[in-house]
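Protein chains in written order, with my numbering: chain D, 1 to 550; chain F, 1001 to 1053.
Honestly, the hints are just simulated from the structure, not real lab data. Since we're looking at a predicted model, the values are computed, not measured. Errors might be hidden in some of the hints.
As the list claims (entries may be wrong) - Distance ranges between label pairs, derived from CB positions:
1. Leu1004/F with Pro301/D: 52 to 60 Å
2. Leu543/D with Leu1004/F: 54 to 62 Å
3. Gly276/D with Gly1014/F: 34 to 42 Å
4. Gly1014/F with Arg143/D: 27 to 35 Å
5. Val1012/F with Val65/D: 42 to 50 Å
6. Leu177/D with Gly1014/F: 47 to 55 Å
7. Gly1018/F with Pro301/D: 39 to 47 Å
8. Leu1004/F with Asp279/D: 37 to 45 Å
9. Val1012/F with Asp279/D: 31 to 39 Å
10. Ser384/D with Gly1014/F: 36 to 44 Å
11. Leu1004/F with Ala19/D: 30 to 38 Å
12. Gly1018/F with Arg273/D: 42 to 50 Å
Even for Gly, the Cβ is constructed at its ideal location relative to N, Cα and C.
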Amino acid sequence: MKTHAVAAAVTAVVLAPLARPGYVLRYDMVFVPRQPLNWEMLAPADSLPRAVPLDALVSVANLAVPGWLLQRLALVAVVYLAALGAARLMPAERTGPRVVAALAYAWTPFLAERLLLGQWALLLAYAALPWLVAAARDVRAGRPGALPRLVLAAAPAAVTPTGGLIALAAVVVLLPLRSRTTAIAAASVLGLNAPWLVAALTGAAGGVSDPQGVPAFAARAENWAGAWWSLAGTGGIWNAATVPASRASVLTPVVTLLVLAIAAAGLRVLRRRLPGVADRLLVLAAGGFLLAAAGAGPGEPLLEWVVGHVPGGGLLRDGQKFLIPYALALALAFAAGAERLAGVFARRFEPAAGRMVLAGAVLLPVAVLPDLALGALGALRPVSYPADWNAVADRVDAAPGEVLSLPFEGYQSYSWTRGVVVRDPAARYLDAPVLMNDALRVGPVTVAGESPRARTVAESLAAGRPAAELGFRWVLVRSGTAGQPPASVLTGLRLAYAGPDLRLWENPAAPPAPAAAPDRRVLALAAHGAAAAIVIFYALALLRRRPTPW
Amino acid sequence: MAKLATFVVALVAGGVLGAVGVIAMMGAVNPSADHVAQTTDIVDASTSVYGTR
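Start from the sequences and build out the full structure, keeping to the hints where you can.
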């Protein structure tokens, strides 16, 4: 019960601004009032399936829950389950070390930076990992119901390709080799990954990515101690604009050293209390750390080759996201080390001295990262969509057809988001296929996207040729942003709606939308159905057993 | 003796946490000129970049 209270308190402090109405829109985090459920959500035609099956899940959930509430449920689940999962996984009899583990895992630079980058779905994998490791421990111990819990813990992680791969790697590494249960678990988690695998294999976007993305998305030095030391403290995200300013403090690397020293002291305790699992978790953590560090070290040329030549290699370019197992191992070892240190003080002096040490360990993550509190000091402040979005959505609904969203930039800041950069909401707001530019600007560098069609459209627009020639039914123009289209681009279009924030142009000469390949749709549907069936099967298997403590 | 030890441990732990917290918070509310990290508003509303390193 105490651990629930701690998890609730951490969640409330981190997500306090979400008590206000509206939507938190930041970078990749785009929730809309009602996200449509269409084929683009199941298998995007022109881009890599980076949000598959996430988008379909959000669309289905949106049928019952409005977007503003869904966003709050998702973010609360991330922080609450991360804290509670780490506390429950921590092998300690007393509450103190469990609370240390909860804070050490839920109040981290990793969580703060990915939250500020809007990658809430990746954070679902972060929140799920302690539960997955606990289930793996129980599978190894032969406890009944452990296998269903393992697969169900992997399910929220597998809503994105990266999370799905981390979950799959965790299952393979944590469970014993050459075991029937391992084979079943791995096959099941592979099945959870089927939606994005099928979408990637059948999509038009090329499988390889621009190698320029490796240095652009490599781990970044947040202070004087360098990129690798930033990673050691679970920070080091590539985007300077999503780093809490306290990470630049001169003392942060010193605190990282202190945390690592305490964690090193706790390793022996952790390995003794989690026999087999702790060692394997450390192997997983080391692998993740190497992937995270590869782009910011001598491994960069090799990584560039992989990203540029191996289909799917682009998943590795933002390596810092693979720190998730490392963050968990560090939190558990730190808590074990703090418990050991507290024991030494309690024996040498008195129990109260030990409790002081534990209290210090609980507060250390907060002291070194105080600006995660209150939604990163207001960065997670909700905003409201301008009324234009509903008006435009209604018009597109009335005459569905492909939409070209201009300026042809995937990410822009707006006055109504208070200047915060956010992904173009059109693809999720409008019930129609929306072509967006998948090239990404990172400072002065533009990392090319994978969609051949987006590249063709970008070239045409850059040459000032009319958008009407490109065959889209609708052209949406977002006002008040950089890169407004010149008049020549809008030639031949009829203005269907004009508001202060959006203008919608209709292309009277638009040809009928090309029919999508039915095979691809069938495959996408089958993959999503298979993943859903796996989840339902294991949920029923768990329900048939007597209630378990989780 | 024992109570003094607890007091000293609390003092040291509190001092370290306080120093770390105050310095980290000072950085958060008053970032140095060479540190471009920001977590709240981007003043230029015409930005078209995904991020900066």
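Hint by hint, here is what the structure shows:
1. As the Cβ distance of Leu1004/F to Pro301/D is approximately 59 Å, the hint placing it in 52 to 60 Å holds.
2. Taking 54 to 62 Å as the suggested C-beta distance range, the pair Leu543/D and Leu1004/F conforms, at roughly 56 Å.
3. Restraint check, Gly276/D to Gly1014/F: a C-beta distance of roughly 39 Å satisfies the suggested window 34 to 42 Å.
4. At about 42 Å, the CB distance of Gly1014/F to Arg143/D disagrees with the hint of 27 to 35 Å.
5. Taking the beta carbon of each, Val1012/F and Val65/D are about 49 Å apart, inside 42 to 50 Å as hinted.
6. A hinted range of 47 to 55 Å holds for the C-beta pair Leu177/D and Gly1014/F, which are about 48 Å apart.
7. Take Gly1018/F and Pro301/D: their Cβ atoms lie about 45 Å apart, and the range 39 to 47 Å holds.
8. Distance hint for Leu1004/F and Asp279/D: a CB-CB separation of about 41 Å, consistent with the stated range 37 to 45 Å.
9. At roughly 34 Å, the beta-carbon separation of Val1012/F and Asp279/D lies within the given 31 to 39 Å, and the hint holds.
10. One distance hint, 36 to 44 Å for the beta-carbon pair Ser384/D and Gly1014/F, holds here, with the actual separation near 43 Å.
11. In this structure the supplied range 30 to 38 Å is violated for Leu1004/F paired with Ala19/D, their Cβ-Cβ distance being about 45 Å.
12. In this structure the hint that Gly1018/F and Arg273/D lie 42 to 50 Å apart at CB is violated, the actual value being about 32 Å.
The structure does not agree with the numbered hints 4, 11 and 12 stated previously, though it agrees with the rest.
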